[in-house]
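S.K.: Sequence:
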Amino acid sequence: MKKKPLLIMALTVILIFTLGQTVMAFSDVAKSPYGDKIKALKEKGILSGVANDQFKPEDKLTYASGISMLVKGLDLNLNLFDFIKEPKASDFFTNLSDDAWYSQAFIIAQLHGLEIPKDVKANDPITKEQFAHHLFQAMMTKGDYAFIEIYKIIKDEADVNSAYMNSIQKLLISNIATVDKDNNFYPTQPITRGEAAAWLHDGLKFVAETTPINPKPEFPEFEQKLTVEAVNEHVNKVTLSAQMPHPGYGLRIASIQFEGDQAIIYTEALLPDPDKMYPQVITEVKVTTYVDAAFKPVLPPKADGSSSSSSEAVVNE
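Residue numbers (full-length UniProt numbering): 1 to 317.
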């Protein structure tokens, strides 16, 4: 009979210890203005400490920790990718190791379109504007969202990298990021671990509570190049090529119209498979057709009357 109370006591101690570990995961965030959000992310298994039970919210966030945080928080993965060769971090980044704890996160982020500098170093501090840009890009992998068309005043706007401005504006509009009382954003300052966690927390909340819009499919703007190769004296092989945003796009011959001695070749872009993810790498796509040698292959003019692209004839006789 004595064994049962002892067992109950032991189970109670284990339960209290487990709950304590969950609720009081970090011992140094209670006084942080971001403490509650850090705690919430920890309870979801998104955040990791840097030493024992400490999060060190005032420390600078490293690039490796920042990218890992975003990949884990937004649940980015490689489930929709098929590889002939397993990708390595060094395929994309010159200064990153292939077998470090952060390697997979950088690969995933790259393949999901996060624009990370190719020469990034794992322990580089990540700036506020860089983290804002990567956070926004990661959020947009979950859908297209409508934002109020306003422009937030940033007093130190001159210090903002123009490539990051749209991302920063969207985070300010949605109250994920903030400026100080003087409207300064401090874009080039390293972001702290605490502030980055707070932004991620609010970014996840935005994604969870906001319904994505259903945008109309957009065809990319693309310039075409036309080349002609003689198959024989009666037939020419015509190849059209274009630079597309990523390898998911294709090109097809829509129609050929014969006017006078010209064969006007109309093409259209093929949209990517919406159920797949593609690396954001400029890719050349080609399509080929055959035209009677009596006609000169040309591309249609643009709406403004100008040529729709460059045309280059290479005839092998």
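Treat the hints as calculated values from the structure; they're not laboratory data. There's no promise every hint is true.
What the hints assert, rightly or not - The calculated DSS-like cross-link candidates involving lysine-lysine, where the alpha carbons are at most 30 Å apart (straight line), are:
1. 286 to 296
2. 152 to 85
3. 42 to 205
4. 44 to 276
5. 181 to 225
S.K.: Now tell me if each hint is right for this structure.
M.R.: Each hint tested on the structure:
no. : hint       : in the structure
1   : 286 to 296 : holds, 19 Å
2   : 152 to 85  : violated, 44 Å
3   : 42 to 205  : holds, 15 Å
4   : 44 to 276  : holds, 27 Å
5   : 181 to 225 : violated, 53 Å
Checked against the numbered hints above, the structure violates hints 2 and 5; every other hint is satisfied.
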